[in-house]
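Assemble chains B and C onto chain A, guided by the hints.
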Amino acid sequence: MSKQIPLLREGEMPYQPISLGSMEWNKTGSWRYLRPRFENKIPPCNEGCPAGQDIEGALVLIGKGKYLEAWDLFKEENPFPGVCGRVCYHPCESSCNRGDFDEPLSINALERFMADMASKHRRKPPLKKREKRPEKVAVIGSGPAGLTCAYHLVRLGYGVTVFEALPVLGGMLRVGIPEYRLPKKVLGQEIDQILELGVKVEVNARLGNGLSLEDLKEYQAVFLALGNHKSRSLGISGEEAEGIMSGVEFLKDVNLGKKVELGKRVAVIGGGNTAVDAARAALRLGAKPLILYRRTREEMPAFASEVHEAEEEGIEISLLTSPVKVISQNGRAAQLECVKNRLGPPDEDGRRRPVEIKGSNCTIEVDQVISAIGEEADLSCLSKQVGIRDNTVPTDERGATKQAGVFAGGDIILQPHTVVHAIASGKRAAIFIDSHLRKENWEGLFEALRVGEKGSLSMKRYLQEERERVPLSGKTVLLKDLNLDYFEYQKRLKMPKAKSSRRTTSFEEVNLGFNEETAVEEARRCFNCGVCNLCDNCYIFCPDVAIQKGKEGELNIFDYDHCKGCGICMEECPRDVIVMEVEGR
Amino acid sequence: MKKIMVGNHAVSWGVMLARAEVVSAYPITPQTTIVEELSVLCADGRLKARFIPVESEHSAMACCIGSSAAGVRTFTATSSQGLALMHEMLHWATGARLPIVMANVNRALGSPFNIWGEQSDSLAQRDTGWLQIYCESNQEVLDTVLQSFKIAERVLLPVMLVLDAFILSHTAEPVDIPDHQLADEFLPPYRPDLRLNSKDPHIFACLAPPEYLMEFRYKIQQSMLQSKEVCRRVDEEFGKAFGRKYGLVEPYRCEGADLILVTAGSVTSTARVAVDALREKGRKVGLAKLRLFRPFPKEELLEITRGADKIAVLDRNFSAGIGGIFAHEIRAAFCNEKSHPPVYSYITGLGGRDTTLQNLNEVIYQTYERPRPEEQSVWVGLRS
Amino acid sequence: MREGYESTELMYSGHLACAGCGATIAMRYALKALGDDTVIVLPACCWSIIGGPFPYAAVKVPLIHTAFETGASTASGVKAGLDMRGDTETTVAAWVGDGGTFDIGIQALSGAAERNDDIIYFCYDNEAYMNTGIQRSSATPWGTWTTTTPSNHPKGQPKKNMMEIMAAHRIPYAATCSVAFPEDMINKIKKAKSTRGTKFIHIFSPCPTGWKAPSSLAVKIARLAVHTKIFPLYEVEGGLRYHVNVNPKSLPVDEYLRLQGRFNHLSDEDIQKIQETVDREWERLLKKALDTI
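Residue numbers (our numbering), protein chains in the order written: chain A, 1 to 585; chain B, 1 to 384; chain C, 1 to 293.
No lab work stands behind these hints: they were computed from the structure. Predicted model, so just to flag it, every value in this text is computed and none were measured. The C-beta atom is built at its ideal place from N, Cα and C for all residues, glycine as well. Treat each hint with caution, since some may be false.
Facing chain C, a subset of chain A residues (Cβ under 8 Å, in silico) [unchecked claim]: (1) P17; (2) L20; (3) W25; (4) V168; (5) E202; (6) P543; (7) V545; (8) M570.
Derived DEER-like restraints, expressed as beta-carbon distance ranges [to be verified]: (9) H91/B with E12/A: 23 to 33 Å; (10) T8/C with G198/A: 29 to 39 Å; (11) E276/C with D44/B: 57 to 67 Å; (12) E164/C with D44/B: 38 to 48 Å.
Straight line, CA to CA, 20 Å or less: simulated EDC-like cross-link-like pairs of lysine to aspartate or glutamate [as the list claims (entries may be wrong)]: (13) K48/B with D36/C; (14) K249/C with E488/A; (15) K199/B with D291/C; (16) K199/B with D87/C; (17) K199/B with D36/C; (18) K3/A with E211/B; (19) K199/B with E9/C; (20) K27/A with D37/C; (21) K249/C with E12/A; (22) K219/B with E12/A.
One chain only, chain A, in its complex shape (with noise of 0.2 Å):
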């Protein structure tokens, strides 16, 4: 920086009034009253993930062709990012501010573009993992919530196995969702990559057979991941006949291979993903299914895109329509008396109850009646130590149970019953069974490692060789933080579909997948909310040249020396990364 230049004598001065050095030494900094400072955000993808994903720092890895790094970032928090960019509900999605200026991103696609160019390079990540620890931990059950505490866990150092009751890994991912909507090649591929972390299986393991809860005593803790497998009865007259399955035993025979004779006509009593799912793979056996659902469309419970696939593929689906009786022939269903519905007050769940309409009866003829209502636990064997309610386990915030050491995760307990959620209470648990087993105050824990307000966790964050306890910069960035100047309506693509003609007959993949061009040019659309990007608007407009750029790839800096504090780079800054502070505090 240029010096003062001290009060010239007559002498000194050259004959006319001329510069002879700059202005730099002026330092106006000392004007201002509000200083400028980089403070990343959250963007509230990454809240609404409660996987807690760095989404947008993989959307910025995807946007430079970086689509490995992206994954290996991914794989920081989920092991599965090819099941769930197949079949997670994205509230990424509907957390996306992008969403209220045009079109939310396609994240979920972009996921998995990411894990199929992962799969297609045959890339290994390379995760962050601790030191061995001497403790095991047992797992009881190999669906997304037990081998997501499984996967965290042996990377925090501990001895894991994991018991499942079936023959077969991945639970409700395995044998609930059918082969067209996530291929078996993937999730085992994904399952592979968690247990070459060297986590142990005993398949055929179910717990209160073969499996006693005194076997588990040789473990410092357990995760109870059981997962809800049985399906809720109809409680109508005659559904104890032959020709009546559950949605989740039709599915799992399917998805085991089993031979299943259905019949031409197939009735699917619900209407969420498991009457859906099962509709669509009875079709794809050759049989004309009909969705009976007993309130209308909007109330589905069943993906909307699921839904309208369905449709596409020339289901039919009969709304306002209740089963109330099951008639027999030679003791198997042969027809199935419905009566219409009309909506009427609320639910303890806030939909409107159906009503039955006096005299709307009326009957169809049957082959096979696949009843897929919903499903719960079966908790029968667990301890009641645990402390059962209402058929889930009761957990604290951190998934722990009344019984020390044992916690539990996924549809079990008091959660949304989704995949990501599932993952969530995984990785939560294994953060906190981890601060358990080292007899940790975990107070802090949720505030340092909190991904904005909705609950996600940072297990990158947890993982940190300084386990500074400092919490993710608070604010979530809304679409109001943003300067919307800079910001231009572009369409959003798209997940293209396999021709509806095709997917009827074969259990082939509905999505086809984004290819790299049209998977870069989406994720660029993203705004990263709340993250700087080194777009440079800061530089550009200082009147001060009081912003100097940064090294590569590093944040620009303020010369405070000369910053006049007026703030335009916080308006300009279209992500809202840059906070104005009264100075000296």
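Showing chains B and C alone in chain A's frame:
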């Protein structure tokens, strides 16, 4: 080479010999033919200069400041209203220490409009820091143009040379045109180091706050005082090169004079005739021609007039309330001297009215008659 | 780093502008576009102070301070002088405020334009005599508060259309720029630099101090001025061929007006009147642009 030429053309030819590079001017009677002749000289290539036909005299001086700051020899010419319009920029040029040369054709300032000779316009600019040289003949005009550039470029102050409207500007006289090569030797090219130069960037004419302005003004004062010696030396050099020199104050038949007339401009020629006539009659009258006005050549004038009993100053100009400006300046210059002759002040020939021999005799007669000078200037030739 | 931005800075930090000054953003980008082989002629305006007093400079190019009304004439002189020295490459640019362009300096500008002197004349427009304390100029828009047009008697005359005046001189190139569109500004200045003759660049430079707006809004206000069609970005070649450079989003003028305290006193009728005038002028401009095609 001798040519018959009007005073304005003498200016143009002087500028051509000086190889001015940028000329920026706006027409005003009686200056117009200076610029017209310069256009002709530029058009046929005898003068390789850029002529900028600006839209006002104020812009003309601004243009000159710009081009002089860029480091080239710059010239302009104007008169009365135009000079007054430029006033702000005259100060600017001085403060910026730019060696601009300007020819001013003395013309009365309106209102009311009057296009004829009067010295008030140039004298009204006496505080601007420009040097001022008053010429008596067309030859002197041409010679002074060359001298002015040399002086300006040495002291880095702008120079104004002054000639009377119509009596010099539009009257033809024989003028000896100096040889161009000799002129080049006398006045080499102007190539300053300090100028607007992207390879050595500076801010020029910076803002000067109170802690600095006085020192810059002081420097101007020092340069102005030193410039008197420079004027004298340049005149000597000119004399050696071309055989003509003029001095700062020229004494004419002042030996033993008891009354000395002081004049400036073309009226000096008439005064010479008056002095000769009176000397014939045995009167001891002398004449001091005031050539350099800024810086004021006090020592030279005092030297010439000390011996006389009386000085009679002829002003072809007027400042309301003060009267004749030359007389005013001389009185002020002499006031602290232990002894100096009393200064009698006369105003003649305003607005182009002729100053005749009769007027001059009247002046001399009145001076002899009055024991003491009137406090206010005496107006000669007034129809009262 | 976005494309089109030279990394060399020709303006120093430590200058004396108000926090949030639009005129400094304008100068920063003008200098980037012009490069270091430039001479700036600077008549009296805010930048006379911003540049710093003796013995300091806030710019890295040669610059000469000159009297208020002499921007164009001094620049003409500098250009002539440099040419006569054999330097025909150095760009000579006059950097003048709206007062020195629209009012006191219009004569010199008209003279230089008529002579088609080879200079780039920049007018950075903050719509009043800001340096002397926010007095009205003929660049002040209708209805504005200034210190000489108080709120109960705001400016009753419309803003002088300087671009039309320059177009009428049929100079080779004239363009409007805004500090919110730096890439556009750089492109136009580079285009001007490569054209011979008189070029006029009119830069919209918000003054938070004089417009009574928060210092952080200078760029936003400049952007809104373009998108409300109050200050459209366009070029005129040869005084006859019009091109509009940025398609405005046609936002209502109220979005621009309500950010600035100098418009606080406007009634709904006033705002309506302003909207009508802006729409009408925009239609006229569009028609000229369409006629060009």
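List of violated hint numbers, smallest to largest: Result: hints 4, 5, 10, 13, 15, 20 and 21 break, sorted rising.
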